[in-house]
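Engineer: Okay, here's what each chain looks like letter by letter:
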Amino acid sequence: MPVISRGFHGRKQTNQDRLPPGQYEVRDFPVLSAGPTPMVSTDDWEFTVVAESGTRRRWSWADLMALPSEQPTVDLHCVTKWSKFDTRWEGVSLDRLLEGVETTAAYALVHSYGGYTTNLPLEDLRHGRAWIAYRYDGADLSPEHGGPARLLVPHLYLWKSAKWVRGIELLAEDRPGFWEGAGYHSYGDPWREQRYRGD
Amino acid sequence: MARTALPGRLGERLRWRVATLAAHRDETAGARTLVLDVPAWPGHLPGQHMDVRLTAEDGYSTQRGYSLASAPGAERIELTVQQVDGGEVSPYLVAGMALGDQVEVRGPVGGWFVWRPESTEPVLLVGGGVGLVPLMSMIRTRRAEGSAAPFRLVYSVRAPADRLYLPELLDGTGTPTAVVHTRSAPEGSARPPSRLRAEDLTVHGWPAEQAPTCYVCGPTGFVEHAAGRLVALGHAPERIRTERFGPTGG
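As you go down the protein sequences, you meet chains U and R in turn.
According to the working numbering, the first sequence is numbered sequentially starting from 1.
According to the working numbering, the second sequence is numbered sequentially starting from 1001.
Worth flagging that the hints you see were computed from the coordinates, not collected in a lab.
Take the hints with a grain of salt, since some may be wrong.
Label pairs and their calculated CB-CB ranges [claimed, not checked]:
#, chain 1, residue 1, chain 2, residue 2, range
1, R, Ala-1074, U, Lys-12, 54 to 60 angstroms
2, U, Gln-71, R, Asp-1026, 27 to 33 angstroms
3, R, Val-1018, U, Pro-20, 21 to 27 angstroms
4, U, Asp-140, R, Asp-1026, 40 to 46 angstroms
Subject to a maximum C-alpha distance of 20 angstroms in a straight line, what follows is the list of computed EDC-like cross-link-like pairs (lysine to aspartate or glutamate) [stated by the list, open to error]:
#, chain 1, residue 1, chain 2, residue 2
5, U, Lys-84, U, Asp-137
6, U, Lys-84, U, Asp-63
7, U, Lys-12, R, Glu-1088
8, U, Lys-12, U, Asp-28
9, U, Lys-12, R, Asp-1058
10, U, Lys-84, R, Glu-1088
11, U, Lys-84, U, Glu-193
12, U, Lys-12, U, Asp-75
13, U, Lys-12, R, Glu-1145
14, U, Lys-84, U, Glu-123
15, U, Lys-84, U, Asp-28
16, U, Lys-84, U, Glu-173
17, U, Lys-84, U, Asp-17
18, U, Lys-84, U, Glu-46
19, U, Lys-12, R, Glu-1075
Keep in mind the model is a prediction, meaning the values are calculated, not measured.
The beta carbon of each residue, even a glycine, is placed where N, CA and C say it ideally should be.
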């Protein structure tokens, strides 16, 4: 039997079928991060993929801009309970960045400017499900939302979509990132409500 | 940004527990402290938060996260909730929930924005509005544990009536506190109302050379601003921990 909160009625969500369990819809775009917003100039920005062999591939901002971009429209689900529908992004697919990277790694550890990290299976970065995003809603991505560029991997809780992304380390063994090491779920599927370790 | 040590209990599955409203206190016109009885609450670290689940009679259910205001070890846990106009949950928690009513809670969660009572280094707390809540848990814990860690609090509010925990603040919390008013200051105040300024942090905080750990909590605009000022004053970004309240969350 669920515990009823007497006198609570709530507001029925209009898009219930698009909301993972325990989520509610917001219209604004809340900001959550663990420290000060790093200010990263596109002059200094670089993105690297380091394979388990140590082989390193590097892209400057100009390199990234020269790659064909995609414009995904996706729903976002934050572990703090809010979801935001139909967010419009522009960025480069990870499929393209991982093309030609020789690896048998099963896991990825994503690194950000400012020291943040997050882990996920490498498969989740493939198959048109992940991007290095640099524009949001028709404008350059603002620093507080992760600009100049962030990872966007919207089928997982938003903490996996690392802001201020600077590289991806490919690993044979899974290694917990910042929140994953502090009790949050290693995978973070919103539809299975994998918020915390053990969920 | 180093990874934090993980308390053992966070490794277990967090289960939902029934919480019963045992008492409440109005802190300001729109904020109320809820005192909850949670049998077998596993304890928490100051700064941690928890999930609250509300279920209506028709089975509709929703969740929100709230910071804990109380020091760990107390028999009952306390939350302070600011009512958000038009919000779905906060009007119920602040104005609708009666003594004896129940919600479910799950936690504690969060291993980064926490203060550990065994630490001795200086601490600067910078709170905006209801962002004082997790900082108050740290202040109360420090006092309850008899910690000698040097604490300072800079607390930004729009107007004097917005101050949370006023009797306790006036009575003295053991933490030197400077209140900064952004819209209207008390009569006779030497500081005209303004957004938090760098000198508020230099006069009432710790110099960067003392390498305090800084905890900044409040609405996003406040946190961006305050954390930016601290970095500009020379505080190392990795010593600045932030927690943000969006305008949503109602």
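Engineer: Are there hints from earlier that the structure breaks, and if so, what are their numbers?
Structural biologist: As far as the earlier hints go, 1, 2, 6, 13, 14, 16, 18 and 19 are violated by this structure, in ascending order.
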